[in-house]
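Participant: My request is simple: use the sequences and hints to build the entire structure.
Okay, here's what each chain looks like letter by letter:
Protein chains: 2
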Amino acid sequence: MSLTNATPLEVARAARIGSRQLAVLSTQERNAALAAIHDALAQGKDEVLAANAKDLESANKAAEGGTLSASLVKRLDLGKLGKYEDMLQGILDVKELEDPINKTTARTLLDDDLTLSRITCPIGVLLIIFEARPEVIANISALAIKSGNAAILKGGRESSNSFAAIASIISKALASTAVPSDCLQLVQTHNVIADLLKQDTYIDLCIPRGGNKLVRYVKDTTTIPVLGHADGICCTYLCADYPADKATKIIIDAKTSYPAGCNSTEQLLVDTAALTTTLPTVAQALLQKGVSLRCDPASFTGLKANLDQHSANLLQEAGASDFDTEFLDYTLAIKTVPSLTDAITHINTHSSHHTDAILTLDSAAANAFLSAIDSSSVYWNTSTRMADGQRYGFGTEVGISTNKIHSRGPVGLEGLTIYKWVLVGDAQVSAEYGAGGRKWKHEVLADEGFARSEEEREVLRKFRAGKQ
Amino acid sequence: MSLTNATPLEVARAARIGSRQLAVLSTQERNAALAAIHDALAQGKDEVLAANAKDLESANKAAEGGTLSASLVKRLDLGKLGKYEDMLQGILDVKELEDPINKTTARTLLDDDLTLSRITCPIGVLLIIFEARPEVIANISALAIKSGNAAILKGGRESSNSFAAIASIISKALASTAVPSDCLQLVQTHNVIADLLKQDTYIDLCIPRGGNKLVRYVKDTTTIPVLGHADGICCTYLCADYPADKATKIIIDAKTSYPAGCNSTEQLLVDTAALTTTLPTVAQALLQKGVSLRCDPASFTGLKANLDQHSANLLQEAGASDFDTEFLDYTLAIKTVPSLTDAITHINTHSSHHTDAILTLDSAAANAFLSAIDSSSVYWNTSTRMADGQRYGFGTEVGISTNKIHSRGPVGLEGLTIYKWVLVGDAQVSAEYGAGGRKWKHEVLADEGFARSEEEREVLRKFRAGKQ
Numbered sequence: 001m002s003l004t005n006a007t008p009l010e011v012a013r014a015a016r017i018g019s020r021q022l023a024v025l026s027t028q029e030r031n032a033a034l035a036a037i038h039d040a041l042a043q044g045k046d047e048v049l050a051a052n053a054k055d056l057e058s059a060n061k062a063a064e065g066g067t068l069s070a071s072l073v074k075r076l077d078l079g080k081l082g083k084y085e086d087m088l089q090g091i092l093d094v095k096e097l098e099d100p101i102n103k104t105t106a107r108t109l110l111d112d113d114l115t116l117s118r119i120t121c122p123i124g125v126l127l128i129i130f131e132a133r134p135e136v137i138a139n140i141s142a143l144a145i146k147s148g149n150a151a152i153l154k155g156g157r158e159s160s161n162s163f164a165a166i167a168s169i170i171s172k173a174l175a176s177t178a179v180p181s182d183c184l185q186l187v188q189t190h191n192v193i194a195d196l197l198k199q200d201t202y203i204d205l206c207i208p209r210g211g212n213k214l215v216r217y218v219k220d221t222t223t224i225p226v227l228g229h230a231d232g233i234c235c236t237y238l239c240a241d242y243p244a245d246k247a248t249k250i251i252i253d254a255k256t257s258y259p260a261g262c263n264s265t266e267q268l269l270v271d272t273a274a275l276t277t278t279l280p281t282v283a284q285a286l287l288q289k290g291v292s293l294r295c296d297p298a299s300f301t302g303l304k305a306n307l308d309q310h311s312a313n314l315l316q317e318a319g320a321s322d323f324d325t326e327f328l329d330y331t332l333a334i335k336t337v338p339s340l341t342d343a344i345t346h347i348n349t350h351s352s353h354h355t356d357a358i359l360t361l362d363s364a365a366a367n368a369f370l371s372a373i374d375s376s377s378v379y380w381n382t383s384t385r386m387a388d389g390q391r392y393g394f395g396t397e398v399g400i401s402t403n404k405i406h407s408r409g410p411v412g413l414e415g416l417t418i419y420k421w422v423l424v425g426d427a428q429v430s431a432e433y434g435a436g437g438r439k440w441k442h443e444v445l446a447d448e449g450f451a452r453s454e455e456e457r458e459v460l461r462k463f464r465a466g467k468q
Numbered sequence: 469m470s471l472t473n474a475t476p477l478e479v480a481r482a483a484r485i486g487s488r489q490l491a492v493l494s495t496q497e498r499n500a501a502l503a504a505i506h507d508a509l510a511q512g513k514d515e516v517l518a519a520n521a522k523d524l525e526s527a528n529k530a531a532e533g534g535t536l537s538a539s540l541v542k543r544l545d546l547g548k549l550g551k552y553e554d555m556l557q558g559i560l561d562v563k564e565l566e567d568p569i570n571k572t573t574a575r576t577l578l579d580d581d582l583t584l585s586r587i588t589c590p591i592g593v594l595l596i597i598f599e600a601r602p603e604v605i606a607n608i609s610a611l612a613i614k615s616g617n618a619a620i621l622k623g624g625r626e627s628s629n630s631f632a633a634i635a636s637i638i639s640k641a642l643a644s645t646a647v648p649s650d651c652l653q654l655v656q657t658h659n660v661i662a663d664l665l666k667q668d669t670y671i672d673l674c675i676p677r678g679g680n681k682l683v684r685y686v687k688d689t690t691t692i693p694v695l696g697h698a699d700g701i702c703c704t705y706l707c708a709d710y711p712a713d714k715a716t717k718i719i720i721d722a723k724t725s726y727p728a729g730c731n732s733t734e735q736l737l738v739d740t741a742a743l744t745t746t747l748p749t750v751a752q753a754l755l756q757k758g759v760s761l762r763c764d765p766a767s768f769t770g771l772k773a774n775l776d777q778h779s780a781n782l783l784q785e786a787g788a789s790d791f792d793t794e795f796l797d798y799t800l801a802i803k804t805v806p807s808l809t810d811a812i813t814h815i816n817t818h819s820s821h822h823t824d825a826i827l828t829l830d831s832a833a834a835n836a837f838l839s840a841i842d843s844s845s846v847y848w849n850t851s852t853r854m855a856d857g858q859r860y861g862f863g864t865e866v867g868i869s870t871n872k873i874h875s876r877g878p879v880g881l882e883g884l885t886i887y888k889w890v891l892v893g894d895a896q897v898s899a900e901y902g903a904g905g906r907k908w909k910h911e912v913l914a915d916e917g918f919a920r921s922e923e924e925r926e927v928l929r930k931f932r933a934g935k936q
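From first to last, the protein sequence lines stand for chains A and B.
Each residue of the first sequence is one higher than the one before, starting from 1 at the first, in this note's numbering.
Each residue of the second sequence is one higher than the one before, starting from 469 at the first, in this note's numbering.
It should be emphasised that the hints constitute simulated quantities derived from the structure, not laboratory data.
Bear in mind the structure is a predicted one, so any value in this text is a computation, not a measurement.
We put the CB at the ideal spot given by N, CA and C, even for glycine.
Certain hints may be false.
[Unchecked claim] In silico DSBU-like links for lysine-lysine, alpha-carbon gap of 30 Å or less:
no.	chain 1	residue 1	chain 2	residue 2
1	B	LYS563	B	LYS551
2	A	LYS61	A	LYS213
3	B	LYS513	B	LYS640
4	A	LYS420	B	LYS681
5	A	LYS420	B	LYS687
6	A	LYS249	B	LYS888
7	B	LYS907	B	LYS571
8	A	LYS439	B	LYS548
9	B	LYS548	A	LYS441
10	A	LYS441	B	LYS563
11	A	LYS103	B	LYS909
12	B	LYS909	A	LYS249
[What the hints assert, rightly or not] Examples of chain A residues toward chain B, derived with CB under 7 Å:
no.	residue
13	ASP204
14	ALA365
15	GLN428
Facilitator: This is the structure:
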């Protein structure tokens with residue numbers, strides 16, 4: 001990894017060249033680089049924590065001066081018990097994952113001695129723009145190398161000392177591996193994001209990891225494809241038949257286990273029939289946890305009559321914008337819906353297509369909901385907070401996508417790959433086929449493992465040597 | 469299908485609402501709509517051809533006046549022997565393809581009674597901008613309905629009478645089916661492309677089918693993801709060991725079978741060692757077919773000395789821009805490369821990442837090439853003209869993508885789908901897991917067919933009825 005003050009054009013071009021070398025490294029070579037990064041960061045812990053302490057000092061001053069939030073300061077701290085070790089373990093976890101590239105995912109015999117294969121490969125060059133957490137740089141570096149992608153990293157300035165220390169250690173560690181140093185570049189120049197976003201000739205995918213404002217800015221500014229989500233407006237739909245105890249358990253988790261998370265529920269839709277039965281139990285539990293309930297007229301009236309006086313006084317009337325707002329806080333909008341159809345229509349219109357859930361014992365209603373809701377993740381009888389790469393079994397995630405193409409929901413290594421079509425023949429040509437000519441066989445073949453011969457590896461080594 | 473003069477915003481919003489109804493139709497319902505379209509277009513042939521004759525008349529006048537090319541006029545003609553029947557057969561072919569949506573592509577047991585499934589689904593709303601060929605409207609309609617996507621179609625004005633006739637017949641045919649009419653809309657208003665490209669709230673994917681200028685305009689103008697390719701600069705790399713007869717056969721096909729095709733070879737890279745051996749044979753055949761050869765200095769000198777006098781006089785010296793040009797004509801740029809590494813580097817820098825081929829008997833070199841070339845399709849010993857959805861066995865294609873994400877190379881029905889994550893539980897919540905709590909099982913399960921119960925279908929029918 002290089003720490004660079006080069007221009008965005010130079011950075012992007014160098015990453016592109018490096019990416020072609022990285023793309024042809026073997027699984028073993030990429031895993032060896034991950035092991036080297038892990039070991040170097042383990043040895044360099046004191047150095048990194050000393051740099052992190054500087055960032056923390058500046059951040060604490062800024063927090064005292066009121067220009068930085070206390071929760072952001074907390075996110076900067078790499079010295080917190082277990083955090084550094086988690087970062088190190090994360091690199092080893094990624095190393096242990098199955099190699100996502102060079103997998104044959106389809107094979108077709110087009111004709112005798114003419115075989116088409118679809119083989120997974122890296123996307124190319126990633127641009128990762130992220131905010132304060134210093135450990136992200138290690139996570140992203142591991143994911144990029146494992147998936148064979150070059151990555152340009154641009155982090156928030158609050159962690160600049162920590163980033164520089166980590167990047168410098170990674171850089172030294174990579175020098176002894178097969179990974180070209182230009183494959184990972186930490187951009188240290190200020191005010192270059194706009195220019196980086198213009199490098200669509202060299203950068204293939206941009207992943208902004210940060211708040212709504214950053215993501216919207218990136219999406220509106222660049223013609224590079226963007227993977228991620230701006231909003232996490234998740235809805236939970238409570239049907240009248242669902243038991244109050246389970247409903248309470250799920251909704252409390254969905255709203256209060258981490259209100260700042262993008263997968264927290266922001267809107268509760270309630271069957272009219274549940275207004276005076278299940279909802280009061282759920283609402284009481286939410287109010288006890290300190291959640292503000294912003295109720296539409298029907299739920300407001302229903303709850304007013306069915307809560308104790310103190311709780312009823314805490315209810316608020318929802319404004320129109322409350323059903324298009326990501327609160328990221330102990331606030332929940334409640335809307336009454338007369339039917340499943342209304343719930344589906346409301347969610348497809350007002351949710352951010354991130355994660356939406358139905359709570360019901362009726363399997364026909366549930367399956368209709370799962371089918372009709374147009375969101376990345378759709379749940380039946382569980383909490384929207386489940387939307388997470390680690391929980392889904394991906395080991396780790398680069399983010400959660402609400403895009404409609406490529407990769408949707410939590411994005412793991414697979415989302416950092418694409419495929420190429422490989423066609424191997426023996427001088428067959430297009431004009432031989434069609435009217436009166438040869439016929440296509442189009443026979444689906446079993447997938448075959450992809451293995452490189454030692455000769456091929458030698459040729460690839462020469463290719464890399466020629467270009468480094 | 470409706471023929472509409474509504475505003476782009478109204479068109480896009482209606483398509484979005486329609487798309488949610490279409491997404492939950494059964495395979496049978498979507499196939500029945502394709503059968504209805506097929507039958508209606510078969511019956512309405514005279515009506516369509518009469519409208520097409522009007523377009524042809526205007527086009528011929530424009531061609532005489534020099535404002536339209538003769539080849540474009542040819543592409544307008546639906547009355548050409550077999551063309552209308554091919555269009556009809558195309559609809560039936562799409563109907564017979566496997567349903568691309570509602571397929572379970574992965575299943576994981578996260579914990580007891582907590583199962584995660586990845587299920588394919590439509591993308592949503594497609595915007596298809598296309599040029600003159602009138603049959604495209606029928607092809608695209610079939611692909612959109614089959615994949616459960618709504619489509620907004622905006623065609624070139626040269627075919628406006630044909631488009632209107634086809635659209636009107638499709639519209640009447642769909643009225644008796646379960647497909648809502650707003651799912652297919654033919655926009656007839658002029659000068660609305662810029663405004664359509666702004667509807668990123670409602671449109672999920674844009675597919676421009678036309679020349680480089682149209683595609684570049686679309687890519688530069690919209691924040692909607694764009695699928696397609698602007699250029700088709702394909703390269704063929706001829707190694708010295710490859711037999712001259714096979715090389716000639718492949719390169720003649722790659723250059724001359726359809727020079728206007730995006731998959732035609734525009735650049736021939738030649739091993740230094742082949743300059744005076746194989747290349748003269750290949751060059752002689754190309755010159756006989758009327759291909760202009762634009763040679764770099766080494767190939768120019770090599771060929772000059774090894775062709776007969778007449779042929780040698782036809783050689784041209786390549787200019788710098790010839791190695792970044794899509795000729796779409798009987799023109800081929802020839803470049804000498806001293807090594808495989810140089811060939812790979814040249815192609816990764818100058819090709820448009822569409823389709824590139826190596827001709828060699830050396831499997832190590834070939835596999836290194838296939839691995840190192842960063843293009844949608846990479847070939848060994850066959851013609852770049854093979855890059856085509858029908859040839860790949862997709863039945864049909866919506867275009868060829870040089871994108872690095874989502875879908876690459878010829879794009880069939882699969883490229884019009886995405887997936888959603890469906891999680892079914894029994895009141896498990898996120899806070900139960902992790903440090904000291906429950907452990908994730910993350911057990912990979914066999915894929916299970918996706919089947920809807922009659923009850924679920926009934927609920928979905930009600931949902932659709934409520935919204936239509």
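Participant: Does each hint fit the structure? Answer for all of them.
Facilitator: Results for each hint:
no. : hint                 : result
1   : B:LYS563 to B:LYS551 : 19 Å, holds
2   : A:LYS61 to A:LYS213  : 24 Å, holds
3   : B:LYS513 to B:LYS640 : 14 Å, holds
4   : A:LYS420 to B:LYS681 : 26 Å, holds
5   : A:LYS420 to B:LYS687 : 22 Å, holds
6   : A:LYS249 to B:LYS888 : 25 Å, holds
7   : B:LYS907 to B:LYS571 : 29 Å, holds
8   : A:LYS439 to B:LYS548 : 24 Å, holds
9   : B:LYS548 to A:LYS441 : 28 Å, holds
10  : A:LYS441 to B:LYS563 : 20 Å, holds
11  : A:LYS103 to B:LYS909 : 25 Å, holds
12  : B:LYS909 to A:LYS249 : 21 Å, holds
13  : ASP204               : 4 Å, holds
14  : ALA365               : 6 Å, holds
15  : GLN428               : 6 Å, holds
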